[in-house]
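Going down the list, the sequences are from chains S and H. For the first sequence, position 9 (counting from the first letter as 1) is numbered 184 according to my numbering, and the numbering increases by one without interruption. For the second sequence, position 96 (counting from the first letter as 1) is numbered 464 according to my numbering, and the numbering increases by one without interruption.
Don't take each hint at face value.
Derived lysine-lysine pairs resembling DSS-like cross-links, with alpha carbons at most 30 Å apart [to be verified]:
{"no.": "1", "chain 1": "S", "residue 1": "Lys217", "chain 2": "S", "residue 2": "Lys267"}
{"no.": "2", "chain 1": "S", "residue 1": "Lys242", "chain 2": "H", "residue 2": "Lys679"}
{"no.": "3", "chain 1": "S", "residue 1": "Lys267", "chain 2": "S", "residue 2": "Lys242"}
{"no.": "4", "chain 1": "S", "residue 1": "Lys267", "chain 2": "H", "residue 2": "Lys679"}
Which chain S residues face chain H? A few, computed with CB under 8 Å, are given here [as the list claims (entries may be wrong)]:
{"no.": "5", "residue": "Ala190"}
{"no.": "6", "residue": "Arg204"}
{"no.": "7", "residue": "Leu252"}
{"no.": "8", "residue": "Ser253"}
{"no.": "9", "residue": "Gln259"}
{"no.": "10", "residue": "Met260"}
Treat the hints as calculated values from the structure; they're not laboratory data. Being a predicted model, the structure only gives us computed values, none of them experimental. Backbone N, C-alpha and C fix where the C-beta goes; we use that ideal spot for every residue, glycine too.
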Amino acid sequence: MSFALDVFSLAAIGAGAFFFFAGMVGLLRFPDSLTRLHALTKADNLGLGLVVLGLLPQAGSLLAALKLIIVWVLVLLSGAATSQMIGRALRKGEDRK
Amino acid sequence: MNLLPIIDVGLALLVLGIATWTIAAREVFGAVVGYVVYGLLLSLVWVRLYAPDVALTEAAVGGGVTGVLLLTAGARLRSGGGKEAGEATGLPLRVVAAVLSLLVALGLAAVVLFLPEPPATLAPEARAGLAATGLGNPITAVLISYRSFDTMLEKIVLVLALTGVWSVAADGAWGRAPAPIGRMAPDGALTLLTQTLAPLGIVVGLHIFWVGADAPGGAFQGGALLAAMWMIVMMARLAEAPRIDARWLRLALIAGPAVFFLAGLAGVAWGDGFFSYPPGFAKPIILFIEAFMLLTIAVTLPMLVAGPPSKGAGR
């Protein structure tokens, strides 16, 4: 059972790391700010979500697992809000041109 | 195979790289962003050095509050027609700064390299005295009990810093409220974030303060979190900064140091001397002092960020 959980953790964290990597490549390579923002949100939402999912079986206690989930939800919330604000600021900047 | 040393070396290299980038950045904004990342990485370093208390403080103050402080200062410099950092400093000043920094770095490196083996430590003594304080966290015991006088003076420094910020206000603006942080128009996304985050953050801040007696955390870390929550509420324009002559604000600012000082004096009257806590009552007294310090920190830091009172704001 614990072996299966370890494999699950490795797979989920690996997948999360892949999304972080892809997000980082997008952040460096995409042509403009809006597409870069798009790449970044994948790393934040899916990447961190998968890492947290992988860490859940290793958390040891229900409270620690709950804390991990709360961390993810908080990052989701702040990530979504700041992306929205950055997007709005970008659009305002374009209007002015 | 142990991967941790590799991660440690990678972390150290990252910190050095970000530090260099922060110094080399040509724009104030970029440099501040670099500084915030530097603070966050540094808090990871503190975690790896088994110092979670310092890590919490570094993340909250070094990365968070100082970052906002520098960002607002940079924005104020720009709007005031000031030059970008880097343009104003001449070559001689830069050389002097570089030499001084190099001397400090070399001195620190020498100290670390020539540490006696095993390094001198007071940790066993700090732990041995824990029983008398009733606390479980030796860091809190050091801060509030063993060297309480220093901690009280640190809080007074905070209030002095705020007095310094206020003293640059124009005469006509004295007693009014600081201008809104960031001067942003109310924004739907920010409002939603604030309304969700602030209640959670207040609970977490109080929790960190409360567990500080027995686990990593304490008044400063919790207070910085509460301060951050008030800042974001002010930034989202859900609440305006208070007038600086508001009675409650003044009371909150001096509450921490004043209660600390009175508790110290009470030690003279009933105990063995200045800042001696009566045995058996040490923990309640320490928590009592810390509660007021929490209040002072949570109020002082946002007011520092909000800056001097301005003429337009506050009726």
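Here's how the hints hold up against the structure:
1. Lys217/S x Lys267/S: Between Lys217/S and Lys267/S the Cα gap is close to 24 Å, so the pair holds against 30 Å.
2. Lys242/S x Lys679/H: violated (45 Å)
3. Lys267/S x Lys242/S: violated (37 Å)
4. Lys267/S x Lys679/H: holds (28 Å)
5. Ala190: Not OK, violated: Ala190/S not within 8 Å of chain H, min 19 Å.
6. Arg204: This interface hint is violated because 20 Å lies over the 8 Å limit.
7. Leu252: holds (6 Å)
8. Ser253: holds (6 Å)
9. Gln259: Check passed: Cβ of Gln259/S comes within 4 Å of chain H, closer than 8 Å.
10. Met260: holds (5 Å)
In summary, the numbered hints that this structure violates are 2, 3, 5, 6.
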